[in-house]
Amino acid sequence: MAIQKQYYRRKKVCKFCVERIDAINYKDVKLLSQFVPERAKIMPRRLSGVCTPHQRILSDAIKKARSIALLPFATD
Amino acid sequence: MANYEIMFIVNPNATDEEIDKINSQIEGVVTAGGGKANKIEKLGKKRLAYLVDKFRDGHYVLFTIEAGGAVVHEIERRLRVMDPVIKYLTVRMDEDMKRLDKIHAHRQKRAARRGRARAAGGGGSAPGPAEQLAEE
Chain A
1 MAIQKQYYRR KKVCKFCVER IDAINYKDVK LLSQFVPERA KIMPRRLSGV CTPHQRILSD
61 AIKKARSIAL LPFATD
Chain E
77 MANYEIMFIV NPNATDEEID KINSQIEGVV TAGGGKANKI EKLGKKRLAY LVDKFRDGHY
137 VLFTIEAGGA VVHEIERRLR VMDPVIKYLT VRMDEDMKRL DKIHAHRQKR AARRGRARAA
197 GGGGSAPGPA EQLAEE
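Which chain is which? The protein sequence lines are A and E, in order.
So the first sequence is residues 1 to 76, counted in the numbering used here.
So the second sequence is residues 77 to 212, counted in the numbering used here.
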C-alpha cells in the first residue's frame with residue numbers, strides 16, 4: 001500500500017434497514033422528500049446509501065408521488 | 077377482488093358539497109359493481125408540486141376500496157369525464173400488504189425465538205429487545 005487514505009470515510013447504511021421502515025408509501029411526502037434533492041431528481045444509491053431492494057421500492061414510490069403532484073418532476 | 081387506493085385531486089374552487097357529490101357518485105359505482113368502499117378520506121386543500129391545468133393547489137381525496145378490476149376501470153373513466161377532477165391515481169395495495177405481513181411475521185418469529193433464548197439463559201424480567209421489536 002503506497003498511498004494511505006488521508007481521511008476516514010464512514011460506511012453509509014440504508015436508512016430503511018436501520019430504522020426498520022418497511023412500508024414506503026407514495027403519500028409519505030416527508031419521508032420521500034429526503035431522497036429528492038433540490039433539483040427534484042431521485043438521489044442515487046451511491047449518495048444515500050440505500051440498499052438495492054429498498055431503493056427499488058423507494059423510486060417506485062417517488063414516481064407515484066410525482067404523478068399525483070405530491071412531488072415535482074423537476075424544478076426550474 | 078383486490079384492494080386499491082384511488083387518489084384524486086379536485087379543482088381548488090370546488091365547494092365542499094361538490095366534492096361530497098363526487099365522492100357519493102364514486103361510492104355508488106363501487107357498491108354497484110359489488111365492491112366495498114372501506115375508507116373515504118378528504119385530505120384537504122394542498123399545494124401541488126407543479127401546475128396542473130394552471131392550478132396551483134387542489135383538494136385531495138383518497139378512496140380505499142375493495143373491488144374488481146372492472147370497477148376500477150369504470151371509476152377511472154368517470155374521473156376522466158368529471159370536469160372538477162384534475163388528476164387521479166390508482167394504486168393496487170394488496171401485494172404490498174402481503175409483502176409487509178410476511179416481513180412482520182418473520183420479525184415476530186425471530187423476536188419470539190430470541191426472547192425464549194433470553195428467558196432460558198438469564199431469566200431476567202426486564203423488557204428485552206424482543207418486546208421492543210414487537211412494538212415497532
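No wet-lab data here; the hints were simulated from the structure.
Treat the hints with care, as some may be off.
What the hints assert, rightly or not - In silico DSBU-like pairs for lysine-lysine, Cα to Cα no more than 35 Å straight-line: (1) E:Lys185 x A:Lys41; (2) A:Lys11 x E:Lys174; (3) E:Lys112 x A:Lys12; (4) E:Lys121 x A:Lys11; (5) E:Lys185 x E:Lys122; (6) E:Lys122 x A:Lys63; (7) E:Lys178 x A:Lys63; (8) E:Lys174 x E:Lys130; (9) E:Lys121 x A:Lys64; (10) E:Lys97 x A:Lys15; (11) A:Lys64 x A:Lys30.
For clarity, every value in this text was computed on a predicted model and none was experimentally measured.
Verification of the supplied hints:
1. E:Lys185 x A:Lys41: Given pair Lys185 of chain E, Lys41 of chain A is violated - Cα atoms ~38 Å apart, limit 35 Å.
2. A:Lys11 x E:Lys174: holds (32 Å)
3. E:Lys112 x A:Lys12: Violated, at roughly 44 Å.
4. E:Lys121 x A:Lys11: violated (41 Å)
5. E:Lys185 x E:Lys122: Violated. Lys185 of chain E to Lys122 of chain E sits at ~41 Å, over the 35 Å cutoff.
6. E:Lys122 x A:Lys63: holds (19 Å)
7. E:Lys178 x A:Lys63: holds (25 Å)
8. E:Lys174 x E:Lys130: Status violated; Cα separation ~39 Å.
9. E:Lys121 x A:Lys64: holds (19 Å)
10. E:Lys97 x A:Lys15: violated (42 Å)
11. A:Lys64 x A:Lys30: holds (14 Å)
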